[in-house]
Amino acid sequence: MTRRDLLRLGFLAVITAPFAALFRKRGETGTGYFWQIDPDKCVQCGKCETECILPQSAVKCVHQYASCGYCLFCSGYYQDKRIEFNTAGENMRCPTDAIIRTYVEDPYFEYKIDEERCIGCGKCVKGCLSFGNGSLFLQVRRDLCKNCNECRIAKACPADAFVRVPADHPYIYRKPPEVKS
Amino acid sequence: MKNDEIRRTLRFLQWTALTFILTLGLLLAYDMYRSRAPIKQAQDQLAELKQQDLADAKLSQTVRDLDYLYRSAYFQTKDKQRRGVLLLGIAFFVLCGLFGAEMFVFAPKLKVPRGTGAVPEKERRQLLVFASCGIVVLVVALSVLRIVLVPAEKKPAVQLTDAQNGTSGEESESQPAIPTEKIDLLAALEAEKSQWPQFRGSILPNTNALPANWDFQEKWNSPVELPGNSSPVIWDDLVFLSGGDGTNHAVFCYDANSGELKWKTDAPPAAKMPEVTEDTGYASPTVCVDSKRVYAVFATGEVLCLGHDGKTLWHKQLPDPVIMYGYASSPLLLGDKLIVQYDLDEKQTVFALNVFTGETVWKTEREGAASWSSPRGFVADGKGMIFTAGNMLAEAFSLDDGKVLWSQECMGGEVATSATSNDGVIYFSNTGAFTGAFRAADGEILYNNEDVPAPDVASPVLCGDQFLLFGSGGTIIAIDAKDGHELYEEDLDNGFYASPVAVGGKIVAVNLDGDLYAFAPGEDKIETEGKYSLGKRVVCVPAFHRGNLILRTSENELICLESKP
Amino acid sequence: MIPRLPLLFAAQARFPAPEFESYTLPKMSLEELASDSVLWRVLLLAVFLAAGTWFFYRLRSRKALLAYSVAGLAVFGFLFASCPCPVGMFQNVAEGLANGSYIQPGVLLLFALPLAVALFAGRVFCGGACPLGAIQELLHWKSVFIPRPLDRILRLISVLLLLIFSVCAIYGIGFPLCYLEPYLPIFLLDFATPFAILSAVFLAAGLFISRPFCRYVCPYGVLLRFFSYFSLLKPQITSHECVNCRLCEQGCPNGAILPPEGTGSTSEHRSGFRRISMLTALIPFALFAGGLFGYFCAPVLSSFHRDVRLVRELDAGIKSEAVEAFESTTTTREELRVRAIKLQNGVLLASTAAGVLFGAVMMAELIAEARRRKEEEVYTIDPSLCFCCGRCYAACPLERKEKHHEK
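Protein chains in written order, with the numbering used here: chain A, 112 to 292; chain B, 2 to 566; chain C, 313 to 719.
Same shape as in the complex, but just chain A (with noise of 0.2 angstroms):
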């Protein structure tokens, strides 16, 4: 053996020294490759419209029904100041109009996200939250996704609200809130 081969094998075995890291720490969870928002720690500061790298972002808002109150008077998708319940541009909170709201039964409406049209603002999330159960939240959708390395929207999260999650539980769902007697 000459003393190349030695020195070749060396480095071998400094490259399959990760290898065994990786084996060794095999048991633990919770970390992942792919980025989310943890719901509970975002303060819907908008910029996640802005602050990714596709034209449009790969952040949308998603309904999480199980926790909806179907609130007559939706606080998500009313503004603040709304001087009627009706459709009418002024009374709207969304931006980009893409909350669709049905019928269900008197006195209840469901909610759903045209995530055609939704830009990932996060205005209908403080709404929700500001008055309801908050079952609307934002989440980064794996199928728009680009995943890069370093998200750009993670850098500029003023809450630090993104993480990495593991591809078989890509998305950080609300906790059913605890129902109050």
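No lab work stands behind these hints, which were simulated from the structure alone. Each hint should be verified, as a subset may be incorrect.
According to the in silico footprint, chain C covers these stretches of chain A (three or more CB under 8 angstroms from chain C) [what the hints assert, rightly or not]: (1) 118-125; (2) 157-166; (3) 202-208; (4) 213-222; (5) 257-263.
Pulled from the structure, derived: some chain C residues nowhere near chain A, Cβ distances all over 10 angstroms [said to hold, decoys possible]: (6) Ser373; (7) Leu462; (8) Asp627; (9) Arg712.
So, partial list: chain C residues that the calculated Cβ filter (under 10 angstroms) puts toward chain B [said to hold, decoys possible]: (10) Leu559; (11) Phe670; (12) Ala672; (13) Ile679; (14) Ala707.
On a predicted model such as this, the values are computed, not experimentally measured, just so you know. Glycine included, each C-beta is placed from N, C-alpha and C at the ideal position.
Based on these hints, arrange chains B and C on the given structure of chain A.
Using the frame of chain A, we list chains B and C on its own:
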């Protein structure tokens, strides 16, 4: 030659692609740059317009037009840019392909070597030595430049503050003012005595200055933007009150000396607007104030806490207030807790909220039906307690943990008046329910005089050893506070909705005509010491401020009365 | 401890879920990931590397290697999302190893595979499996020859960047390489960022300077350079006997072809010895200078960290969004400050150490360059500098002749 033609074509294509990329790239960059400002502008403009009074039809039309314009412009621009960018990407790949193709088709031209063969070793290595010196000089120069140019960076960017070094308390100044010290209940109550901190003044007997005489003149008169039946409260020179019209709900602060509106803070919008009758309105509960904060409860079940500067400290939504007429109980501020009696049609609860955070410290559910009575605080054995009158039960709770201390099943009907207390006895009177007294310690009923007609709106008042009931028909009945027998009865022109208050041995009451009375209870009749006719309907309790009276009329005015010199 | 303001806008069940008569809750339609796409990428990368090795060492064909570049650019640059790519993975690995956190197997494989291949077959990865390399390979028009000493000095930049970026990754300051990487705007088709200017600059430079990013900037290239120095397979300009025609010397735009090394006279030997002694004497000075440089860089680096910036804003009384968001958390200012100070001290230490290390590497490289190489009569390829582009095969008349004969 054929090869030359191919090469020319390739070159031409390369140049075309390059020009295309450059042109498109510049155009796109320009478009993105250009479109960014107007979109942002429209966004801001819209947001601003939406904050204004949208009831104006012209304005709302403007908002609609702008909204449509903004939305269509936004998506058109984005679509255009997306297409442009995709085209640019394709062009890039094509350009790479064209460059690749040229290299693929044509082998590199063999050039005749220049010079005299390999670069002389010596020369090369000498250059290296120079270079190495150059690098070292560069590194040193960079370091020196850093020291000279950025001297501030020498110290670490983040340092321990003085507070952490244990020298001064600068840290506490920048911290938001959330006191951690426990509020001493007795001291707080003592401080409240000369203020007008909540519904019917303070819990201990009011010691406010009385007007010099009962011949008044209007000192100032300020309009109140939103209607409400809540009474004004005062801390030092600030008057606080709440108002609401079913769309907007707000707390107002006026200067007690000039009547100038200092600030107005809106409550968060309510998602569900409860149904209320006109008599009750959306802002019937009187606000409470302590040395630092104001607390308001609205008919929507929203509890709002503001600083004296009008900044929202916390707010909390209580369960939907489904109650006949509308929710109207005033909250009670006792030490570090805000007590909200929440007797709805279906469920009756007493909440104690932390005044600093709005968290529910305890809540106690009771049995019964809806009531509109406000809780009464009192102190026994140095401990804070709460008395509540509901439809069915009269109960007392411990302030610390909300445990029921005693309960009497002696109430009934629509309970709307509130209790008063003195010296370990609680006095209460409401029509159809009860007129009498409880021993505060164990709840024993001392007496119950069922023969007298009891009031149904205005809460009775205790003055000396007389317990006086002010009826909504205009009858004043005095009963002996000790045993409950009727002393005398007096009929006046109009009834009382505003609860009378006892200040310094006098009773001040306003009837529905706006006649302001000062009474002194006599042995067999009530002495009218003064009367002033405001000429406006009043249902709110007047507040005392340095010998002046501050009243809210039903015509949405706040009036300050001062004695004529 | 001072209690924080409560989260005003925390999720609360203000309105209980309604009980519907004839309505079932719709499901949230969020696409799950069908599979871990990183592992697919690793698989594809392995295929590419195998193909590249075959093209370079067996086919010895410039055309095949060009096709390899085009395919690499199409697949890794445009077809797949350009992240994760092995070039930036050293940051993830450094962060994972330093924090003891779990590193994704895909990430680790992406990082290690090109290095492992470099150990056996040189920098085949750079030739075309790396989309950054591929775009530079293809968008190169006319080579401007960079004097060899200048070339060797400029490539020290990449060593410095590797060290600085590793420090940044270890201390959670971020992944600056992925943020600043000049070709990313092209792959992501996002030209609205100021980073697009950087791409334009590098693309323009790349038209005349071969692979400006790979040679002088790429931190991963430093590792590849190091590993491929020990490469098992050695690239050879020709499998025939070299006639020293010097045609290949100008055929390589990357300065990887080394001219023959003569025996050298006694005076040459003596002056060589002097040079090396001088450089060796400079080592302590270089170490000190490097350490100083790292020490002064530290505050700049740590000022990019979120915590440090937050504490600065808090101290300055700025009411930024970050400050407001922080106020609503349960972390106290003291905890944050302690964390920031700890981080700052860590960065100071690491940055200084990195500076010293840079000084050492710099001196080692300079000494290696100042040293006489092994005697060689013919033109040879330095495997650590060769990007496996195959230009020399096309430039060598012997190879051309062989190709011609085959036809």
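Going through the hints against the structure:
Only residues whose C-beta sits within less than 8 angstroms of a C-beta in chain C count toward coverage, and the segment 118-125 of chain A has 4 of them, enough to reach three; the restraint holds. Counting residues of the segment 157-166 of chain A whose CB falls under 8 angstroms from any CB of chain C gives 3; the rule of at least 3 is met. Beta-carbon proximity to chain C at under 8 angstroms applies to 0 residues in the segment 202-208 of chain A; the threshold of 3 is not reached and the given coverage is violated. Coverage of the segment 213-222 of chain A by chain C holds. Counting CB-CB distances below 8 angstroms, 4 residues qualify, and the rule asks for three or more.
Evaluation of the coverage hint for the segment 257-263 of chain A: fulfilled, as 6 residues show C-beta separations to chain C shorter than 8 angstroms, against a requirement of three. Consistency note on C:Ser373: stated as away from chain A, and its beta-carbon is indeed over 10 angstroms from all of that chain's, at 28 angstroms minimum. With 10 angstroms as the threshold on Cβ separation, the claim that C:Leu462 sits away from chain A holds: the shortest Cβ distance comes to roughly 29 angstroms. The beta carbon of C:Asp627 sits about 17 angstroms from the closest Cβ of chain A, which is more than 10 angstroms, so the claim that it is off the interface holds.
Separation of C:Arg712 from chain A is adequate, the least Cβ-Cβ distance of about 32 angstroms exceeding the 10 angstroms criterion. Contact between C:Leu559 and chain B, as hinted, is supported at the beta carbon level, the nearest pair being about 5 angstroms apart and thus within 10 angstroms. At its closest, the beta carbon of C:Phe670 sits 9 angstroms from a beta carbon of chain B; the interface hint therefore holds under the 10 angstroms criterion. The interface hint given for C:Ala672 is broken, as the beta carbon of that residue sits about 13 angstroms from the closest beta carbon of chain B, more than 10 angstroms.
At about 9 angstroms, the closest approach between the beta carbon of C:Ile679 and any beta carbon in chain B falls short of 10 angstroms, and the interface hint on this residue holds. A least Cβ separation of about 5 angstroms between C:Ala707 and chain B falls short of the 10 angstroms threshold, and the interface hint therefore holds.
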